[in-house]
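Heads up: the protein sequence lines correspond to chains A and B, in order.
Read in order, the letters of the first sequence correspond to residues 1 to 72 in our numbering.
Read in order, the letters of the second sequence correspond to residues 73 to 273 in our numbering.
No lab work stands behind these hints: they were computed from the structure.
Idealized CB from N, CA, C, for every residue including glycine.
Check before you lean on any hint, since a few could be wrong.
[Stated by the list, open to error] Label-pair restraints from in silico Cβ distances:
#	chain 1	residue 1	chain 2	residue 2	range
1	A	Asp26	B	Arg168	40 to 48 Å
2	B	Gly203	A	Ala59	38 to 46 Å
3	B	Thr219	A	Ala59	35 to 43 Å
4	B	Ser198	A	Ser21	35 to 43 Å
5	A	Gly22	B	Asp223	40 to 48 Å
6	A	Asp7	B	Arg187	43 to 51 Å
7	A	His38	B	Gly166	35 to 43 Å
8	B	Ala83	A	Ser20	21 to 29 Å
9	A	Ser21	B	Asp171	33 to 41 Å
10	A	His19	B	Pro165	41 to 49 Å
11	B	Gly183	A	His19	23 to 31 Å
12	B	Ser148	A	Leu25	35 to 43 Å
13	A	Gly22	B	Gly166	40 to 48 Å
14	B	Arg110	A	Val42	32 to 40 Å
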Amino acid sequence: MIAPDLDEMSGCGVWSIFHSSGSLLDGPRLAGLFTEWHRDGVPWIVATRIDVALAAIRANFPELQSMLPKAN
Amino acid sequence: MLEPADLRAAALLDSQVQERLPTVERATAPIYRDEPSRPVPSGSAVMLRIDDHRFALTAAHVADNSASFPLYIGSSTRPVRLSGTKIATKLKPGQRREDDPLDVAVIHLDGETTRYLRDDEFIDVSQIDAGPLPEDEIFLVAGYPGTRRRDIPTKATLEVTLYPFLACSRPRAAYARVRRNQRISSSWVSQRSACGAREYG
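Generate coordinates for the entire structure from the input sequences, incorporating the hints supplied.
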C-alpha cells in the first residue's frame, strides 16, 4: 500500500458513513477533525472527536446551546 | 490478492462512497497562508452553520498560522480572507501546540468572510455525528494535502484536489501503545480515536 504525504490535511473532516447496523447513512456526518498523521509501518492518523469543537461553540455561544447535539 | 467477491464488495463500497463525496467536498475548504511571494497550503477546514452563525472548524495548529500570516480559505468561487474570532484549545504554560492533546480550533466567521461563501458550502448540525463512536468503524476522511496541489504560474493559480480515503478506527489500547512509545501523556488517549488509514480513490 502506498499512501501520499498527508501534510495540509490537518483540520479536515472525519466523516461517519455507516450506521452501527452496517448500512450506509443517507449522508455523511461529521464525526471528528483530522489533526495528525504518521507513516511508521501502516499509515495512521489521529482525529479529535467533533464533541470538542461543539463544546467550544457551546461555551462561547450559549444562545446556540439548544440547537447543538447533546453532549455525551 | 483479493478474491473476486472482495473486489465486488470494494467496487460497491467505492460507488456508494463516491455518491456521498459531493457533500463532503462542498463543506471542506483548503486553507492557505498568504506569504509574501505566494499562497502556501496550510491545512483544511470544515464549514459549519448554526442558525445565523458560520464557523470554520480546523486544527488549532493550522489556525495558529494566522498569528504570522493572513489566512485564506478556498471557496467554490474565490479565495476568501479568513477572518473572525478564533477559539482554540488552550495550551498550558510552556506547552507547545504539538503537545496539545486536542488540537482543535473553531473560527467564528465574520461578515467579511461569509459574504463570499454560499450556504451550501456549509453543513448544518443535522450532519454532525456527536454520538459515541464504535471501534473498528470505517470513516471517510477528505482534505487537501499539499502533495495534491498544482501551481499554474501563468494563471497565478494554485489548483488543489480533494483527497478522500477510508480509515478504520482502532481500539484505544492500540493507540495507547504507540503514544507510550512516544512519551505522550495518557490524557491524549482518552480524548482521541486512533485510526489506521488506507488509501481510497
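Indices of hints not satisfied (ascending): As far as the earlier hints go, 2, 4, 6, 7, 11, 12 are violated by this structure, in ascending order.
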